[in-house]
Amino acid sequence: MTRARAGAGSGMTVHDSDVVLEVGNVSVRFGGLLAVDQASLSVRRGQLIGLIGPNGAGKTTLFNVIAGIQPATSGVVRLGGRDISRLPPHRRARLGIGRTFQRLEVFGTLTVRENVLVAAEARRRWDRTVNPAQATEDLLRRLNLDQVHAVVVDTLPTGTQRLVELARALAGAPRLLLLDEVASGLSAFEAETMAGLLRELAAGGLSVLLVEHDMPFIMGLCERVSMLDHGVIVVTGTPADVQANPDVKAAYLGSREAVA
Amino acid sequence: MQLGRVRRSAGVAVLVAAAVWVIVESWAGEPLTVNSVGQMVMFALPIAGIYAVQATGLVVVYSSTGIFNLAQGSIGMFGAFVYWTLFEQWHVPEALALVLTVGVFAPLLGLVLDILLMRRLAHASVIAKLVATLGVSVTLLGVANLIWNPDLPHSIPDLIASGGGITAFGVVLTWNSLVIIGAALALAVALRWLLFRTRAGISMRAIVDNGDLATLFGIRHARVSGLAWIIGSMCATVASILIAPQLGNLSAQTLSLLIIDSFAAAAVGRLRSLPMTYLGALLLGLVVSFSSTFLQFGGQWAQVPTIIPSVALLVVLLFLPEATVHVGRALRSYRIESVPSWRTVAIACAIVLVAVVALSPVLSSGSQVQLAVGVATAVILLGLVPLVGWAGQPFLAPYALAGFGAFLAWRLHPDMPDLVAILVAGLVTAGVGFIATLPALRLRGLYLALGSLAFANIAVTVIFPLPSLLEADHAVAPPVILGIDLNSSWSFVIFATIVYLLLAVGIVGLRRSRFGRRLIAMRDSEAAAACVGISLTETKAIVFMITGFVAGIGGALLVEAQQFVSVNQLPLVGGETIVLSLVVFGVGTASAPLTAGVMTAALAVISTDWLQGNWGTTLTVVGPALAALSLLSFPRGSVPEVVAGARQHPWVLASRVVGIAIGGTIGVACQLPGLAGVALAALGAVAAGLVTSYYLDHREHALDALAGDPAAGAGRAAVADIDDPGLGLSRQLDDIVRGQLDAALGINTAGVR
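Residue numbers (the numbering used here), protein chains in the order written: chain A, 1 to 260; chain B, 1 to 753.
There could be a bad hint or two in this list.
Some residues of chain A that are not near chain B, with every Cβ distance over 10 Å (derived) [claimed, not checked]:
| no. | residue |
| --- | --- |
| 1 | 56 |
| 2 | 89 |
| 3 | 202 |
| 4 | 213 |
| 5 | 239 |
Ranges of calculated distance between the beta carbons of each label pair, as one might list FRET restraints [said to hold, decoys possible]:
| no. | chain 1 | residue 1 | chain 2 | residue 2 | range |
| --- | --- | --- | --- | --- | --- |
| 6 | A | 86 | B | 190 | 22 to 32 Å |
| 7 | B | 472 | A | 83 | 57 to 67 Å |
| 8 | B | 347 | A | 83 | 34 to 44 Å |
| 9 | B | 210 | A | 197 | 32 to 42 Å |
| 10 | A | 29 | B | 89 | 52 to 62 Å |
| 11 | A | 83 | B | 212 | 49 to 59 Å |
| 12 | A | 133 | B | 347 | 23 to 33 Å |
| 13 | B | 465 | A | 155 | 44 to 54 Å |
| 14 | B | 272 | A | 155 | 50 to 60 Å |
| 15 | B | 198 | A | 56 | 28 to 38 Å |
| 16 | B | 273 | A | 29 | 48 to 58 Å |
| 17 | A | 56 | B | 30 | 54 to 64 Å |
To list a few chain B residues with every Cβ distance to chain A over 12 Å, as calculated [unchecked claim]:
| no. | residue |
| --- | --- |
| 18 | 270 |
| 19 | 342 |
| 20 | 484 |
| 21 | 491 |
| 22 | 530 |
In short, the hints are calculated from the structure, not lab data. We put the CB at the ideal spot given by N, CA and C, even for glycine.
Turn these sequences into a full structure, and let the hints steer you where they fit.
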């Protein structure tokens, strides 16, 4: 908990080579709406961090800010200590951010294999050692996608498309993985397999930030969970702490709106 | 990090320097006084008024239907001619003629277009939408040329013919100018009232804000889209009738192309905001008026004033804030193009080559030249396949690129071997393509389409006619390739075909390469492509250069086929028409360009050999447009899809061919000049298209239901269909949608059935 506070509270640089992602006081304003309000969080190497919150809380917007798709109105995003706040998304990807999307963004007219291959080939831009074809085969096998490797992605069920997005994100060999509702559309068994895979990846040093609505999934997986409500990070702590927090229940059950 | 800012400041510095240079170079000597500046403003107001009315029509239609109406100018043109007929020919009193044109004809035309075509494109791709409006534009142009013989003078007078007006700053602001300003202001007030005080207007704003949400609240898209098209059509007609008297003789083409001038105003409003559009119109009016008051362009630059609005658009595009990467996948309204195997490619190449070698000696020499032109056109179009088909970037100015290749083929002929000259033509054009599209590179697709039209306008009006380029027509000697003199038409046809096939093989290879996958990835999801480390700007720049290279070679072949080079070979509208036919035949394949080119050639042969006078020229214009309209009434339509459909159900192909043939036959058979013949021909073609599409839709559903295989239907329907929030509300849940939902939910329906 103390470690978490140090990272979460301030926008200052943390002199800790272990910190992969640091979001400092990021705000996003859409006209009159403050979608994200002074949000700060940090993710260390190999950590699995969950981000929860009711619909419209600003989770996906925060993801878009980290990935560079949505410019922040103010605040700073650092990757491995480097300020990346002004970099376009493809430059951030090249520095090691991989992501999936809440509303699927697969390359729908390409096959499963091509989806992953495109990303592996893009990686050659910053990593000449990689063999795209080989990396693709490995990932397809690892995610059990080799059965459907020649299928055009648009014709696959949602759960499989989510796996394709994950494989594609991993093909860039990221340091930080942003997963936006990766478990939705998965069966209980598939979700468990996914959790196992994520633990394995984290053990290998990959840092993962997850947005998730599936509470058992995220609570069983994450080391630390932050809750976002109306753009503000309300609570940060261990899954048990967060679940016990009255603010969390209030936000999910809507009593906050009733009072306001 | 700071790079973006540095680049922008550098861009501003270059632009300011260029503007200062132009002003200093062409200063007319008029002193800057309160009076002269006052005059400038006085002149600017009516110009701004016209721009404002036109651009308002564009913005209203685009923001409420998502369709950028490239036919806006042609709709206005048609209205102006109808007004001419009523007022000048039938001597209807002016006020009544005005009411009939603006109040009755224009709304009807808008509504009919919406119901027949535009409404059905709601889920189509940006390119399909643009091309559909292009089809309408070209069709209206052709029909207008048939009804109102372009060789005869047509002109309409100012609305208020009497002289006089208000005098200020030593100039008279005529009553007519005041009418224009008044019309623009009245439109602003009327729209403000409509959008904020009426139920229909509030529905419209709701749809603009959030179409999906509005649908859930029971707002009907159809009604709003109809209203938008009525407003758009009325704006177009009013603007056209107001501007026409100042142009002297009514020229259908000039009036149609005037719309390009208002793009800049609409772009200032970012195609959404009406107040900003008015501001844009005012600024544009001031710039144009400034140049006419203080600047003087002579000699080779005499045409510069007419392209100022186009240049202004490119400048506005430079300053538009960079589009944040678009999240949300492109609606896929086309069939997944299969990548041909090398075996298929080899067989296809052999068939084409044998066909050309066998066929060309049989043709008359005139037809051989037409065929060679067709193949050259096909090469130009082939360049668009990676750009438009695979990268999904709407580019509408193929001739503007090809023109540079055409010029170089002529200019380099004495200096180097012809084969080298053709290659150099391609390489230089690649560079031109890159520079020309620079302003739009970082922007979303639609702006690229607008920018490309502005580029075409500038190229045709000012660049190509320069004395150092193509001021005069020149003869082009038949090329000598590898020691073989291609002085006979048929040998050139074979040469051009070989070039096409070589380039087509290269293009197929490109699609199968790493870069080809990158292009498709970018088209399918810009956000995801960027997030795996693909630079969208760099990818677009490369694909533009490839397009330029191939189109440049095509341009070189074009002038070598005709053995002369002239600005008239590179018309703006002609360029739009060939893009249209390419999209109709399937923009994502390497075979479609050849089909489109050969069809264009065939139409040219038919029109010159079989038909006389206006009909001939009109057929070449209207033919592709009608094909586009009948195919676009089901937006997924294109030749590859027809072929794919024919494999599943052979009768699909048969009924389509019959439908189109009926339309075509009626069109050719009805050589009655005048309105009746045109109406009949158009009706025949449209009806045939509608009947086949209606028949097909229902027949396919029925068949799928019979076969008990909803998944087959699901595969064919647009993938985004199940995201339509109107499902179950304004749209019924049919078997296809149910199949899709089941597939999405992972329910196996086979067992249930």
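Evaluation of the provided hints:
Against the 10 Å criterion, residue 56(A) stays outside the reach of chain B, whose nearest CB is about 13 Å from its own CB. Not every Cβ of chain B is farther than 10 Å from the Cβ of residue 89(A); the closest lies at roughly 4 Å, contradicting the non-interface assignment. For residue 202(A), the shortest C-beta to C-beta distance to chain B comes to about 20 Å, beyond the 10 Å cut-off, and the non-interface label holds. With a minimum CB-CB distance of about 17 Å to chain B, residue 213(A) clears the 10 Å threshold, and the non-interface call stands.
Residue 239(A), annotated as away from the interface, keeps every beta carbon of chain B farther than 10 Å; the closest lies near 28 Å. Against the hinted window of 22 to 32 Å, the Cβ-Cβ separation of residue 86(A) and residue 190(B) comes to about 44 Å, which falls outside the hint. One distance hint, 57 to 67 Å for the beta-carbon pair residue 472(B) and residue 83(A), holds here, with the actual separation near 59 Å. The hinted window of 34 to 44 Å between residue 347(B) and residue 83(A) is violated, with their beta carbons roughly 56 Å apart.
Judged by the Cβ atoms, the range 32 to 42 Å given for residue 210(B) and residue 197(A) holds: they are separated by roughly 37 Å. In this structure the hint that residue 29(A) and residue 89(B) lie 52 to 62 Å apart at CB holds, the actual value being about 59 Å. Between residue 83(A) and residue 212(B) the beta carbons are some 37 Å apart, a value that contradicts the proposed interval 49 to 59 Å. In this structure the supplied range 23 to 33 Å holds for residue 133(A) paired with residue 347(B), their Cβ-Cβ distance being about 28 Å.
Between residue 465(B) and residue 155(A) the beta carbons are some 52 Å apart, a value that agrees with the proposed interval 44 to 54 Å. The beta-carbon spacing between residue 272(B) and residue 155(A), approximately 35 Å, falls outside the hinted interval of 50 to 60 Å. Distance hint check for residue 198(B) and residue 56(A): the Cβ-Cβ separation is about 31 Å, which falls inside the suggested range of 28 to 38 Å. The hinted window of 48 to 58 Å between residue 273(B) and residue 29(A) is violated, with their beta carbons roughly 19 Å apart.
Checked against the hint of 54 to 64 Å, the pair residue 56(A) and residue 30(B) passes, with Cβ atoms roughly 59 Å apart. In this structure residue 270(B) is separated from chain A by more than 12 Å, as the shortest Cβ-Cβ distance comes to about 14 Å. With a cut of 12 Å on Cβ distances, residue 342(B) stays outside the contact zone with chain A, its closest approach being about 18 Å. The Cβ of residue 484(B) lies farther than 12 Å from every Cβ of chain A, with a closest approach of about 41 Å, so its non-interface assignment holds.
Every beta carbon of chain A lies more than 12 Å from that of residue 491(B), the smallest distance being close to 41 Å; the non-interface claim holds. The Cβ of residue 530(B) does not lie farther than 12 Å from every Cβ of chain A; its closest approach is about 4 Å, which violates its non-interface assignment.
Consistency note: the structure conflicts with the earlier hints numbered 2, 6, 8, 11, 14, 16, 22.
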